[in-house]
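Peer 1: Given the coordinates of chain R, work out where chain W should sit on it, guided by the hints.
Quick mapping for you: the protein sequence lines, in order, are chains R and W.
Just so we're aligned, residue 502 is where the first sequence starts under this note's numbering, counting upward by one.
Just so we're aligned, residue 502 is where the second sequence starts under this note's numbering, counting upward by one.
It is possible that some hints are incorrect.
Since the list gives no way to pick one copy over another, a pair counts as held whenever it fits inside one copy or between any two copies.
As the list claims (entries may be wrong) - Distance condition first, Cα-Cα at most 20 Å in a straight line; then the derived SDA-like pairs of lysine to any residue:
1) Lys688 to Asp701
2) Lys646 to Gly741
3) Lys671 to Arg648
In case anyone wonders, no lab produced these hints; they're calculated from the structure.
For clarity, every value in this text was computed on a predicted model and none was experimentally measured.
This is what each chain is made of:
There are 2 protein chains.
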Amino acid sequence: MTPQINRQVRLKSRPSGVPQPEHFEIVAAPVPVLSERQVLVRNEYLSVEPAMRGWVSAVANYSNPVGIGEVMRSFSAGTVIASSHPGFAEGDQVMGMLGWQDYAVSDGSNIVRKVRESDLPLSLSLGVLGLNGITAYFGLLDLGKPRPGDTVVVSTAAAAVGSAVGQIAKLMGCRTVGITGGAEKVKLCIDEFRYDAAIDYKAGNIAGRLAADSPRGVDVYYDNTAAAISDAVMIQLALGARAVICGTASISSWDPPPSGPRVELHLLVKRARMSGFIIFDYQHRYEEAIARLAAWVRDGSLRYREDIVDGIEDCPGAIAELYRGENLGKRVIRLRH
Amino acid sequence: MTPQINRQVRLKSRPSGVPQPEHFEIVAAPVPVLSERQVLVRNEYLSVEPAMRGWVSAVANYSNPVGIGEVMRSFSAGTVIASSHPGFAEGDQVMGMLGWQDYAVSDGSNIVRKVRESDLPLSLSLGVLGLNGITAYFGLLDLGKPRPGDTVVVSTAAAAVGSAVGQIAKLMGCRTVGITGGAEKVKLCIDEFRYDAAIDYKAGNIAGRLAADSPRGVDVYYDNTAAAISDAVMIQLALGARAVICGTASISSWDPPPSGPRVELHLLVKRARMSGFIIFDYQHRYEEAIARLAAWVRDGSLRYREDIVDGIEDCPGAIAELYRGENLGKRVIRLRH
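If we strip away everything but chain R, and leave its shape as in the complex, we get (with noise of 0.2 Å):
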């Protein structure tokens, strides 16, 4: 049967900061005709990613922002359910760009991949299998070149990249300190993610704590907040530091940009280095780290948690709700259809 309506959440309006509920309108569409060369995939599952701030931004940025009226964009999984397109046939599935509506039709450069891993979930292609994943791979093994014995920091440590970057760091043998907010997420760094130390934020006090933890200083910092619990951490580098910046949750807005304490002394005397990356540049890359991650997936070395709600009406909210960090896990939303 053809599907006849394709629910779509539109970009209605342009946030200055944390996209908000009345920045997207729902609206009702009709599922468009394949022409040659062309997939239609029912999406099952809609990603939701702090990035897509940064999506939805007229502030400078890595892509051109989502147009007033346009399907916000995101990562999506689902099923193909017609094809004229050679490389996809009737029944796979894949993940990739095909943003927050029910159907999507592709000519294939919006798909990220084939999703093969048919023994595990398919929502986990949006996760710790997915560009999370991924992200926490290449962010950490890259950039922050952990060494056996490195203290490894990471900020948002119990989140979808946080989380994976801790366990990661782990496995390479680091010693790994998370900072998170609140004691029910701290219990998560420690049981679930088997971090060795987790430093509430909200509880204050991060640089004393931290300290007082390591006192030989933090090796790799891994970031995706900017702002205080950045500025507690970079005073306490290691000789030979490498701060990873993955994402600025912390900051509501970079227009104009806000100041800091300025980092150059420490990057000094502690010869360390601050990196910024993009996980796009690393597509050639992909399978490598997904190979890798599923297989500590399944053999239970890397963990995750999913917090999957139902219904496409979620989405215009998601977004402020993960910067509330509200959620535990990563957040997805389930399409009935």
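Peer 2: The following block gives chain W in isolation, referenced to the frame of chain R:
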């Protein structure tokens, strides 16, 4: 004739920012008698470095601060006039951490090297063939990793380190832009150090002029300032840019640490990195750098400016003068014996 009096410039009190004349005193001490395995060096040139601010600072740093009452730590160049050390003979020219004084006794451990470029002035061993040149060489080549065609921006572009950075970058096939203070130094950058462009930060609008001059962005930024000049450069990094943190001359005090615009978003969006370094980590490779620098000096492709003043009386005010940017060329103090 054995010298009788050793004039020493001692640290009298601890400055909180840039050391001023009143933080030092000149004392006449006896010339020490040699024990076994020691050398007596008659200093001929004393160096003045921006880094000296850090050496007398109580703020956490890469070396223990000079103690109150101790001879001011400095590089000096001179001649061995007596030796009971098998590694040194009378007449050897040496450069080392020999302090702001007429005569230094050493067991060899604080002698950085024997100066063997006898065809070149001994004073160069404190400048372009000393730590300044070496700092420029390794900071630019090892951390900045310039590629032919790159745009390399240098702050303190007319100074001892910066002028060498600009010229080495040019030798590597880069386009060089110097940032310096005042029309006289701008002229020096263009005429003497052959920068492709030079910007006078005192004329304001650094960011606008840099954008006009380098619309494709900055590939390498070699910094010695850590303040407004850097802020203007960091917003114009090219993809994959490398910022090298060599010094923080524009910060009058690091206690308390000053604030500035956060750099995380620039590093992330531009997949860029900021790295700090301390040249002392490269000690095992000094001769490699000096051999190459000396060859460039001899064939005229690496030019230098010296600002030589006579008399140890000039020492107490020399660091503050450096920070006021009053000198043109490497400041060296020549001793009359």
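Peer 1: All hints, please: hold or fail.
Peer 2: Tested hints:
1. Lys688 to Asp701: Answer is within: at 10 Å inside a copy they meet the 20 Å cutoff, but 55 Å across does not.
2. Lys646 to Gly741: So Lys646 and Gly741 pass the 20 Å test inside a copy (11 Å) and across (18 Å) alike.
3. Lys671 to Arg648: Answer is within; shortest intra-copy Cα gap is 10 Å, inter-copy 36 Å.
Of the numbered hints listed earlier, not one is contradicted by the structure.
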